[in-house]
Amino acid sequence: MHKTKAEKIDLYKLHKDQYVAPKRPQLVDIETAEYLAISGRGEPGGEEFVAKVGALYGTAYTIKMTRKFTGEQDYGICKLQCQWWFDDERQDFSSAPKEHWNWKLLIRTPDFVRDNELAEAAKKLLEKGKEPEVQQVGLESLTEGLCVQMLHVGPYDQEHETISKMVAFAEQQGLEFCERHHEIYLSDPRRVPPERLKTILRHPVRKKSR
Amino acid sequence: MKKSTEQLYRQRILHVQVHIQKNLDGNLSLEALARRSYFSIYHFHRIFKAVVGESLQEHIRRLRLERAASHLKHTDESITNIAFDAGYQTHEAFTRAFKTVFGCSPSYFRNRISTSQEITAQDRSGKQTRQENDNLFTGDGPMKVETKNIESMHVAFVRHVGPYNDVGEAWDRLCTHLGKEGCLGSGSQFIGICYDDPEVTPPEKVRYDACITVDEDFIPAGDIAIQTIAGGEYAVTTHFGPYEKLGQTYSRLFGEWLLTSGRELRSQPCLEFYLNDPDGTEPEDLITDICLPLRSKN
Chain U
30 MHKTKAEKID
40 LYKLHKDQYV
50 APKRPQLVDI
60 ETAEYLAISG
70 RGEPGGEEFV
80 AKVGALYGTA
90 YTIKMTRKFT
100 GEQDYGICKL
110 QCQWWFDDER
120 QDFSSAPKEH
130 WNWKLLIRTP
140 DFVRDNELAE
150 AAKKLLEKGK
160 EPEVQQVGLE
170 SLTEGLCVQM
180 LHVGPYDQEH
190 ETISKMVAFA
200 EQQGLEFCER
210 HHEIYLSDPR
220 RVPPERLKTI
230 LRHPVRKKSR
Chain Y
170 MKKSTEQLYR
180 QRILHVQVHI
190 QKNLDGNLSL
200 EALARRSYFS
210 IYHFHRIFKA
220 VVGESLQEHI
230 RRLRLERAAS
240 HLKHTDESIT
250 NIAFDAGYQT
260 HEAFTRAFKT
270 VFGCSPSYFR
280 NRISTSQEIT
290 AQDRSGKQTR
300 QENDNLFTGD
310 GPMKVETKNI
320 ESMHVAFVRH
330 VGPYNDVGEA
340 WDRLCTHLGK
350 EGCLGSGSQF
360 IGICYDDPEV
370 TPPEKVRYDA
380 CITVDEDFIP
390 AGDIAIQTIA
400 GGEYAVTTHF
410 GPYEKLGQTY
420 SRLFGEWLLT
430 SGRELRSQPC
440 LEFYLNDPDG
450 TEPEDLITDI
460 CLPLRSKN
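Chains as they are written, first to last, in our numbering: chain U, 30 to 239; chain Y, 170 to 467.
Hints may contain errors.
Stated by the list, open to error - Listed next, the in silico DSSO-like pairs over lysine-lysine satisfying Cα-Cα at most 30 Å (straight line):
(1) K37/U - K414/Y
(2) K127/U - K227/U
(3) K313/Y - K466/Y
(4) K414/Y - K42/U
(5) K317/Y - K227/U
(6) K227/U - K313/Y
(7) K45/U - K237/U
(8) K45/U - K414/Y
(9) K268/Y - K227/U
(10) K268/Y - K242/Y
(11) K194/U - K45/U
What the hints contain is simulated information worked out from the structure, not anything from laboratory work.
Everything numeric in this text was worked out from a predicted model, so none of it was measured.
Turn these sequences into a full structure, and let the hints steer you where they fit.
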């Protein structure tokens with residue numbers, strides 16, 4: 030097996046400024062980034078959600094390990110991220126029933142990963158009897174631009190307090206939320222107790238319309 | 170009930186301790202002592218440490234050095250001979266070991282004794298108790314241990330022989346191979362089988378299997394082999410933090426939990442389940458389940 034001499038890429042360390050997460054809201058300019066992505070709808074932790082998380086990770090690892098095997102540039106698999114939104118813009122997490130929540134699961138991926146690698150990975154995973162959802166995983170580039178960002182420590186269902194702080198902060202700056210709510214999961218909810226879960230909350234903002 | 174189990178453990182270890190005292194020059198191999206204690210070879214050394222507060226090797230070394238100290242004090246035997254009796258090939262090695270236990274060189278010890286300035290054993294025992302506490306009772310609050318039934322698992326694995334710090338290479342080979350074949354998915358479990366205690370087995374001989382669960386039809390290739398990990402009842406605790414500190418959690422599991430659990434261990438190695446990816450996770454955020462195989466209650 031060949032091994033590359035080049036340092037392994039850690040995208041989070043490389044783009045540290047994009048993942049700053051103080052415990053009070055802050056403005057961050059988020060540059061374009063590439064992701065493996067899969068969308069769905071319904072309760073987080075529900076059947077569809079779990080299957081798609083599995084499909085996304087399976088794809089991410091298959092692509093990475095295939096590249097590693099052939100001696101190409103190695104990189105670490107980034108932590109899971111997710112965008113959340115509602116069909117009706119007036120709704121939010123507290124008012125919309127969970128079955129109406131839209132989400133897009135994301136894993137940040139180096140920009141040298143190509144579509145054909147994705148297709149190959151899906152083929153191999155299907156052959157091995159993994160989730161058929163692997164066929165829905167795509168490569169996506171997101172440019173979020175100016176965002177309010179903040180660290181939320183605690184259970185996911187208490188994010189509203191943190192989000193209110195972010196909204197208030199945006200308003201002070203003459204800004205308002207636009208686009209999709211975005212979360213970066215720093216902790217593993219399987220074992221970390223809810224009160225210690227760390228999540229970066231991010232929301233794109235624009236100049237407030239008068 | 171619980172009390173009596175602890176006493177039983179202590180009795181069996183005491184039996185071994187008496188044997189060690191009587192046979193400081195004899196065969197004190199791990200295998201021989203484990204047999205004498207009726208504990209499984211996989212778990213004996215950790216139970217010993219939990220009960221005695223120091224590892225088997227430390228214990229034997231200390232007893233030999235204490236005997237040497239007594240010879241220094243009460244005989245005119247040359248230091249070189251005393252060193253040899255304590256199992257040291259050279260004067261220098263003996264002096265170094267002696268210093269770590271007694272805080273001075275053997276010749277200084279002998280001279281000081283002759284001027285009747287006794288070196289108190291208190292200093293040492295005091296230090297030892299602290300060490301013991303550090304090893305066994307760090308961490309916040311009582312330890313959370315669950316007993317769980319684990320199904321037997323079919324795994325692909327790479328055997329690693331050498332220091333634990335180097336197991337990364339075995340994992341690399343295993344993950345790369347399985348990954349490129351499309352065998353890594355959300356259901357994949359990452360398991361380490363730990364046959365040896367690094368405190369007992371010389372680092373270059375430590376055996377470890379890096380394992381990932383696979384389907385029955387997985388075809389082994391090169392140094393990627395397959396095996397079935399025995400199912401059954403296990404005591405499970407979660408270790409949070411760097412892998413280098415797993416040893417401390419093992420010590421607590423044996424010292425705080427096992428001795429008072431009323432349970433006995435099966436003659437099978439301990440398992441470690443790695444719940445997150447050390448790649449891209451800060452060492453302090455790593456999560457590992459440690460599993461001790463339990464003998465059934467009847």
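*Which of the numbered hints above does this structure break?*
9
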